[in-house]
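Peer 1: Sequence:
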Amino acid sequence: MRSKNGGCFHCSPCAIISGWGGAGAFSDGKLNLSTEIGGQLDNYIDKDRVAELIEYADDIYLEFGADETVYGTDEEKIDILKKEASLAKLKLIPTKIRHLGTEKCAEILKKMQEYLRTKIDIKTNNKVKRILLDNGRAIGIETVKGEIIKGKYIVAMPGRAGSEWLKGQAEDMDIKISNNPVDVGVRVEVPAIAMKRLTDAIYESKLVYYTEKFDDRVRTFCMCPYGEVVTEFSDGITSVNGHSYQEYRTDNTNFALLVSTNFTEPFKEPIAYGKYIAHLANILSGGVIVQRLGDLELGRRSTPDRLTHSIVTPTLKEAIPGDLSFVLPYRILFGILEMLKAMDKIAPGVYSKHTLLYGVEVKFYSSRLELSGCLETKVNNLFAAGDGAGITRGLIQASTSGIIVADEILKRRNKNK
-12 MRSKNGGCFH
-2 CSPCAIISGW
8 GGAGAFSDGK
18 LNLSTEIGGQ
28 LDNYIDKDRV
38 AELIEYADDI
48 YLEFGADETV
58 YGTDEEKIDI
68 LKKEASLAKL
78 KLIPTKIRHL
88 GTEKCAEILK
98 KMQEYLRTKI
108 DIKTNNKVKR
118 ILLDNGRAIG
128 IETVKGEIIK
138 GKYIVAMPGR
148 AGSEWLKGQA
158 EDMDIKISNN
168 PVDVGVRVEV
178 PAIAMKRLTD
188 AIYESKLVYY
198 TEKFDDRVRT
208 FCMCPYGEVV
218 TEFSDGITSV
228 NGHSYQEYRT
238 DNTNFALLVS
248 TNFTEPFKEP
258 IAYGKYIAHL
268 ANILSGGVIV
278 QRLGDLELGR
288 RSTPDRLTHS
298 IVTPTLKEAI
308 PGDLSFVLPY
318 RILFGILEML
328 KAMDKIAPGV
338 YSKHTLLYGV
348 EVKFYSSRLE
358 LSGCLETKVN
368 NLFAAGDGAG
378 ITRGLIQAST
388 SGIIVADEIL
398 KRRNKNK
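FYI, this note's numbering numbers position 150 of the sequence shown as 137, with every residue one higher than the one before it.
No lab work stands behind these hints: they were computed from the structure. Any given hint could turn out to be false.
[What the hints assert, rightly or not] Below, simulated BS3-like cross-link-like pairs (lysine-lysine); rule was C-alpha separation at most 25 Å, straight line:
| # | residue 1 | residue 2 |
| --- | --- | --- |
| 1 | 183 | 332 |
| 2 | 332 | 76 |
| 3 | 110 | 91 |
| 4 | 70 | 200 |
| 5 | 98 | 116 |
| 6 | 78 | 183 |
| 7 | 163 | 139 |
Start from the sequences and build out the full structure, keeping to the hints where you can.
Peer 2: Next comes the structure, spelled out in structure tokens:
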């Protein structure tokens, strides 16, 4: 985990992406109240039904203390921004967002845990060795300590941190899996005023751009108005992320720019590819690299002295000034620069020599398991859901996927009464 006054503690497993609440517990808690963002649940059930369940999940967050404010409801402002984005060759995907805040998100999840403790047994720090089967039916799990826990229904929701584990389990059970794209890029930090018109109207601007040279998809991700840049540590690799709080503000706004890559045969290891790039940044800097956009354009590394000439003060103090061109492949770096230039047309000041780029940010979207409409695998009574199953990419759709599974299990229990 990361302290307020220090850097990443290199917890193993990473406290930011593991444990109760998974990657959501210490995220800045954005609930994207749209079927278009944060997952692919409409591939499994009707889109209208997904919308209903998202609303149901949102109500639960409200019940446990989420802020009632919803951003992205001013359709007139959004229409204006969509037109401006279109002229800049950008696609703005409007979405309503409820923002919990990093400190509030952990508090809400703690309340949920306390509520559930009165109804179920919760075991943490128990690594599962394997899922137990009998004649094509899931019957329980075995932990690495040798403990056997039986169950009529088994639900695997290991989160992003457990995606490799679930992939291994799926392969052992001959469950078909397919690769999701890997997203590689940087965390961008600019003066908050440069993004204010966008963040005031939408809070998190979901912008998509297709590069002129390679036709690659580049997108904004996890926009953090008045937030700070933070680190994550997993599998020996330090990468970058962003947070924003309800009660604490900086003078900067940060967001990720990610270039999506879909690999074809014979390459089957997109996660390994992303980890390799992140590891390369770690080798060069011992952690995370920060570089001024102006220095990158001039083909030189940033230095501590050059950073003092920037009007943007880095919020990630432990980032090491360096040169991202030694880390990121040309194609990815080219796409990021194209996207920044396009964004500058709707948010002047984004493409500035003072803009800070932190690297790298990598999103390892889990291998996607083959699932039925109720998120059941080909193994009877074995369900998989959430980010770890490769079908969601955010808090609200991950929550919704759990509701889909719970609904199906309740139907079966009631039918068998």
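Peer 1: Are residue 163 and residue 139 close enough, with their CA atoms no more than 25 Å apart?
Peer 2: Within the cut-off at roughly 23 Å; holds.
Peer 1: Checking one constraint from the list: CA of residue 183 to CA of residue 332, max 25 Å. Satisfied?
Peer 2: At roughly 14 Å apart (the allowed maximum being 25 Å), residue 332 and residue 183 satisfy the hint.
Peer 1: Run the distance test for residue 110 versus residue 91: straight-line Cα separation, threshold 25 Å.
Peer 2: Holds, because 24 Å separates the two Cα atoms, which is no more than 25 Å.
Peer 1: Need the status of pair residue 332, residue 76: alpha-carbon distance at most 25 Å?
Peer 2: This hinted pair holds, its Cα atoms lying about 10 Å apart.
Peer 1: Given the hinted pair residue 70 and residue 200, is their Cα-Cα distance within 25 Å?
Peer 2: 24 Å, holds
Peer 1: Hinted pair, alpha-carbon criterion (25 Å max): residue 78, residue 183. Please report holds or violated.
Peer 2: 19 Å, holds
Peer 1: Take a quick look at whether residue 98 and residue 116 sit within 25 Å of each other, Cα to Cα.
Peer 2: Between residue 98 and residue 116 the Cα gap is close to 29 Å, so the pair fails against 25 Å, i.e. violated.
Taken one by one, the earlier hints fail for this structure only at number 5.
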